[in-house]
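*Asks:* As a plain string of letters, each chain reads:
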Amino acid sequence: MKCTRCKAKAEVNLRAHNSAFCRPCFQFFFTRQVERAIAGEKMFGPGDRLLVAVSGGKDSLALWDVLVGLGYQTTGLYLGLGIGTYSDRSREKVEAFAAARSLPLTVVALAEEGNGLAVPDISALTRRMPCSACGTMKRHYFDKAAIDGGFDVLATGHNLDDEAARLMGNVLRWQQDHLARQRPVLPAHGGFVRKVKPLYLVSEYESAVYAFMRGIDYVVEECPNAEGATQLVYKDAMNRLEAASPGTKMAFVREFLKRAQPAFDAAERTEPAVCERCGLPAFGTVCSFCRLVGEVEAKRERRAAAQA
Amino acid sequence: MQIHLHPQKRTVEIQGRRQVGRLLSELGVLPGTAMVIRGDLLLTDNEMVEDGDEIEVRAVISGGAA
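Protein sequences, first through last, are from chains P and D.
Be aware that the first sequence starts at 7, since it is given in the numbering used here, and climbs by one per residue.
Be aware that the second sequence starts at 253, since it is given in the numbering used here, and climbs by one per residue.
Hints are computed from structural coordinates only; laboratory data are not their basis.
Fair warning: there could be bad hints in the mix.
[Said to hold, decoys possible] Each pair of labels, with its calculated beta carbon distance range: (1) Leu282/D to Glu233/P: 12 to 20 Å; (2) Met300/D to Arg297/P: 34 to 42 Å; (3) Gly197/P to Leu282/D: 37 to 45 Å; (4) Arg297/P to Asn298/D: 47 to 55 Å; (5) Gly51/P to Leu282/D: 50 to 58 Å; (6) Ala115/P to Leu279/D: 49 to 57 Å; (7) Gln79/P to Val264/D: 41 to 49 Å; (8) Pro259/D to Thr291/P: 38 to 46 Å; (9) Arg269/D to Ala117/P: 46 to 54 Å; (10) Leu279/D to Gly156/P: 45 to 53 Å.
C-beta: ideal position from N, C-alpha, C; glycine also.
Hey, can you work out the whole structure from these sequences and the hints?
*Replies:* Structure below.
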């Protein structure tokens with residue numbers, strides 16, 4: 007198989023793009039995809055200060071690498087979720103990546119923050135799935151770090167597969183409020199910093215290939231809590247559809263954003279208030295993070311009372 | 253040839269020359285869900301692998317978080 011651009015021997019074949027690439031041409035193609043997403047959605051400009059959420063996985067580290075290569079002002083943000091040795095290894099990968107490139111990195115360990123709640127504590131004390139609790143914690147600390155640090159933009163490594171799986175889940179349950187917020191850019195509003203997903207048009211495979219070709223040492227193993235997660239079921243379903251009809255994921259996400267998302271957005275538009283407990287923006291009197299913390303604290307108090 | 257599956261951390265031994273696409277199909281791996289690595293090179297679906305090769309099949313799927 008030959009490279010579509012230069013006719014050298016190809017190392018990667020992208021069926022959705024009906025293209026094959028050698029190593030240098032793939033890196034060029036990948037970077038162009040990200041640049042086009044940034045420009046097409048007006049995500050940010052050269053003067054903006056970006057906070058890049060990095061987990062130690064291929065997507066977020068590939069994103070950070072591309073943004074640095076494109077000359078943007080970036081700072082990494084790593085959240086220590088307290089998921090045993092998995093979190094330890096993730097942190098090591100992120101710190102090594104940042105140190106090797108002399109990039110600024112902020113580390114926030116949940117177990118050392120205000121109420122000392124790491125993800126396993128929450129899922130053990132509540133009936134919530136670990137991924138749900140993790141998502142709530144991440145959103146809160148991402149927002150907080152971006153606001154506290156005075157950043158203009160918060161960038162995450164969500165890729166096309168993440169977006170397609172999320173869209174499938176939202177459509178299957180017709181979650182109108184979630185569909186209204188499923189966009190590659192959430193503008194700054196009501197105190198929130200602008201949130202962007204520059205990888206929303208590149209597949210998981212493409213970001214893994216980019217990370218491999220760039221020699222990025224990322225965490226290959228899956229989060230131990232992700233086993234059985236609904237998002238992985240949706241990803242598997244989407245991968246079967248993609249195998250039968252290459253380009254399905256891209257069309258699903260792109261056409262949703264073009265044809266359907268604006269209608270959901272117009273119907274559901276609400277401005278956030280201020281959380282009466284933590285002071286961060288909230289859709290309601292108390293934000294979802296503080297509701298979760300309240301649930302955990304109430305459970306702890308009931309347990310302590312029962313033991314007394 | 254030896255096939256190292258990641259992140260499962262499992263190794264399987266397979267005999268006989270075949271295309272990467274067929275190998276993935278035999279392993280039950282969907283196209284576009286894993287990188288196939290020999291040495292420090294990625295292999296496309298039409299590349300041949302054969303006895304004596306050491307191959308890594310590295311899954312690319314991640315997620316779970318909302």
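*Asks:* Please test the hint of 34 to 42 Å on the beta carbon pair from Met300/D and Arg297/P.
*Replies:* violated (57 Å)
*Asks:* The hint says 41 to 49 Å between Gln79/P and Val264/D; measuring C-beta to C-beta, is that right?
*Replies:* Since Gln79/P and Val264/D have Cβ atoms about 46 Å apart, the given range 41 to 49 Å holds.
*Asks:* Just tell me: holds or violated, for the beta carbon distance of Arg297/P and Asn298/D against 47 to 55 Å?
*Replies:* holds (53 Å)
*Asks:* Taking 12 to 20 Å as the hint, is the beta-carbon distance of Leu282/D and Glu233/P inside that range?
*Replies:* Given range 12 to 20 Å: holds, Cβ gap about 18 Å.
*Asks:* Is the distance from the Cβ of Leu279/D to the Cβ of Gly156/P consistent with 45 to 53 Å?
*Replies:* Between Leu279/D and Gly156/P, where Cβ atoms are some 49 Å apart, the hint holds.
*Asks:* Look at the Cβ atoms of Arg269/D and Ala117/P and judge whether their distance stays inside 46 to 54 Å.
*Replies:* Once the Cβ atoms are compared, 52 Å apart, the range 46 to 54 Å for Ala117/P and Arg269/D holds.
*Asks:* Return holds or violated for the Cβ distance of Gly197/P and Leu282/D against the range 37 to 45 Å.
*Replies:* holds (42 Å)
*Asks:* In this structure, is the beta-carbon distance linking Pro259/D and Thr291/P contained in 38 to 46 Å?
*Replies:* holds (42 Å)
*Asks:* If I claimed the Cβ atoms of Ala115/P and Leu279/D lie 49 to 57 Å apart, would that claim hold in this structure?
*Replies:* Since Ala115/P and Leu279/D have Cβ atoms about 38 Å apart, the given range 49 to 57 Å is violated.
*Asks:* Between Gly51/P and Leu282/D, does the C-beta distance stay in 50 to 58 Å?
*Replies:* Once the Cβ atoms are compared, 39 Å apart, the range 50 to 58 Å for Leu282/D and Gly51/P is violated.
Checked against the numbered hints given earlier, the structure breaks hints 2, 5, 6 and satisfies all the rest.
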